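Asker: Keeping the supplied structure of chain D fixed, place chain B upon it in accordance with the hints.
Chain by chain, the residues:
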Amino acid sequence: MNTLIVEDDIEIAKNLMDGLTQNNFICTHVADGQLGFDLALKNQFQLIITDIMLPGLDGLEMITRLRSEKIDTPVLILTAKRSLDERVLGLQSGGDDYLVKPFAFVELLARAKNLVKRYSPILKTENTQAAHEFKFHDLSINLLTREVYRNSKKIELQAKEFQLLDFFMKNPNVPLSKNQILEKIWGYNFDPQTNVVDVLVYRLRGKVDKDYGQTYIQTIKGIGYVLKTE
Amino acid sequence: MSLRLNKNTFNKISIRLTLGYAMLFILSSAFILFLNYFLFSRSIQTRDQNILLSKSKEYTSIYLKNGSNELEKYLDEEKQGDLDSQYLVRIASPDGRAIFLRLPENLKKNSPELIEKKLSELKYIKGLATFFLKEDSVEEPDELNEYEVAQFTLANGVSLQVARNTDDRDDVLERYLGTILIAMLIVLIFGSIGGFIFSNQALIPVRNLIQAIKSVRAGALSTRVPVKNSNDELDEISHLFNKMAEKIERLVLNMQETLDSVAHDLRTPLTRLKSKAELTLLNPTATVADYKTSLVQTIENTSEIVSFINTLMDISEAEVGVLKLNLVQVNSTVIISEIIDLYSIVAEEKNIKIEFDYMDEFNFFADRNRFKQVLSNLIDNAIKYSEENKTVRIVTKKNYSTFEISVTDQGLGINEHDLPKIWDRLFRSHELKSVKGLGLGLSLVKSICQSHNWNISVKSQHGAGSEFLISIKD
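Residue numbers (the working numbering), protein chains in the order written: chain D, 1 to 230; chain B, 1 to 474.
Calculated from the structure, these hints are not laboratory results. Keep in mind it's a predicted model, so treat the numbers as computed, not measured.
Distance ranges between label pairs, derived from CB positions: (1) D:Lys81 - B:Lys350: 36 to 42 Å; (2) B:Val296 - D:Asp38: 39 to 45 Å; (3) D:Leu41 - B:Ala218: 51 to 57 Å; (4) B:Leu281 - D:Asp9: 20 to 26 Å; (5) B:Gly463 - D:Lys14: 52 to 58 Å; (6) B:Thr402 - D:Tyr212: 50 to 56 Å; (7) D:Glu230 - B:Ala286: 23 to 29 Å.
Counterexamples of contact, computed for chain B against chain D with all Cβ distances above 12 Å: (8) Lys79; (9) Leu122; (10) Phe356; (11) Gly463.
Below 30 Å or equal to it, Euclidean Cα-Cα: the simulated DSS-like pairs (lysine-lysine) are: (12) B:Lys292 - D:Lys101; (13) D:Lys184 - B:Lys292; (14) D:Lys184 - B:Lys446; (15) D:Lys14 - B:Lys274; (16) D:Lys184 - B:Lys353; (17) B:Lys324 - D:Lys81; (18) B:Lys350 - D:Lys221; (19) B:Lys276 - D:Lys14; (20) B:Lys118 - B:Lys65; (21) B:Lys353 - D:Lys210; (22) B:Lys65 - B:Lys117; (23) D:Lys207 - D:Lys184; (24) B:Lys390 - B:Lys459; (25) D:Lys178 - B:Lys350; (26) B:Lys384 - D:Lys184; (27) D:Lys101 - B:Lys324; (28) B:Lys350 - B:Lys446; (29) B:Lys292 - D:Lys210; (30) D:Lys207 - B:Lys390; (31) D:Lys207 - B:Lys384; (32) B:Lys350 - D:Lys210; (33) B:Lys384 - D:Lys221; (34) B:Lys292 - D:Lys14; (35) D:Lys170 - B:Lys292; (36) B:Lys324 - D:Lys184.
Backbone N, C-alpha and C fix where the C-beta goes; we use that ideal spot for every residue, glycine too.
Pulled out of the complex, with its shape left as it was, chain D reads as follows (with noise of 0.2 Å):
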């Protein structure tokens, strides 16, 4: 996954591109907007990763100018500036996505991958196919009966358990942040400073992990939680 970074503050940019490059991305940084623009232009990039204040050309700028000039790459735009309508700008100008600094960086893997998915036509047709029934080694959840079964045995789940189990499930080995759970689950884009994620995840841990020898759904301490075989 070709991947294009216009950062200027260059510890993040490294930052970035080594979390990525272990993700198999691969990163090309540039400082500013103008050889961004330059840049994109030239080369075909699956995916582009920009701040919005920048030396030269600014984020938005180089947006409004790829499109301009029919180059219609994802971009995820990252910026320090929180409002509502600094969002709706970004997307306005033609932006896919919008991350306020600072990012989890699960949280940004996840929509890079996202954007990536969307936009690429060859792992769209991977997608077509009937996906109600998920596997996780012995682990199996189907969407259309809302039936869970561990080791050919049945789990009862609530509905909330039954949904973070779906998350999981849609993802595995990739670890979620209690933002994501919180977002995916809830709706909530804000952090309602309570503990309700832990709560779950120890719920459904109870039912699903306890009594099976192996734990698959796994605390990254300061990250969040993933579904991975130990």
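Answerer: Then chain B, alone, in the frame of chain D:
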């Protein structure tokens, strides 16, 4: 230097006003006085002329009845009675020759021929004309005096002329003019003084305003100007200035408070993460697990800092009135249910029951996210400060044209002393120091409510519980 400049600028306006006012005053007085003089002068002139005409008729009738001798006698008698009012009397034959001439005392020096010449050459308009003669005057022997003459012509062609000098009249008019000029002078003086006083009076509010603005610029933000409530334009400016100064003061204080909060409360999480990182690095026996712990705590603390900054900025924006609200119509039952949905799990952990009594259901305008922040905060507090097995009750009720949402708990309650302070930023009652939280919650709640023009109040009893009430006007 600047003081003089300012005084000069000020004086220019007041002097302009003074001059303008004085000019107007003086010109209109001048107009009136001179009109008066003119009319008066015309009037006494007319009076004199009428006297001449009636005299000429009088002498004519005496002459006709009794002849020129009688007329002489009559004129002598008149002279005895009033030396000053002597008339020049001449009677002429139809062909213009004088057949009777009587000169006043002071004209005796003039030759009859001269007088004859002058009188015969006159052009009469409506029986009146003027000519000039020299009088026997010691002071001004060469001065020409003006004489007014009236002519009366008989049917048989004989004409009678009666003339008199205009000295009396001229004296009166001269004195009158003198009086007028003195009056004008007084008007000029009083006009100028009056104008100066009036304009200075009027500009006092401006002077006050200039002083106040200088004062505010120098940093005295609580300066205000006196307001008379007279509803005139300068009073309105003073009023508006005060309002503006108040807003500036509020903004600056708000900014100072925010900066104070930031400085003070960021230091705690920053100190925590810094000290943990330092200690880990300094620890010679630190393990990978220790490093991990340090990093995890760094993330947790920085999240706390970010959250704090965001909330503080929200409060700040709301308090100065620049918080952007994305207003949409929401249904009370739907939106509150969503929020309860989030907290029900947490409440269950403490075996706390959340009751939602939607006595009345209503639609109202709100920013979805902000409203959720408010109610989340209240419910979270209710759960946090309640013991196990208690109940938290949320009620939506309609009270005439007001919608009421109340969140009641059976928790710790707030003591009377702290009650008014709970809305302050960073206020945490001493008892709650151990409970996790930043202390910004209620401050944000209040700011958001104010931005929406909602009223929020609290009733509480220490040890028994609290009730928070949001009132939304329809």
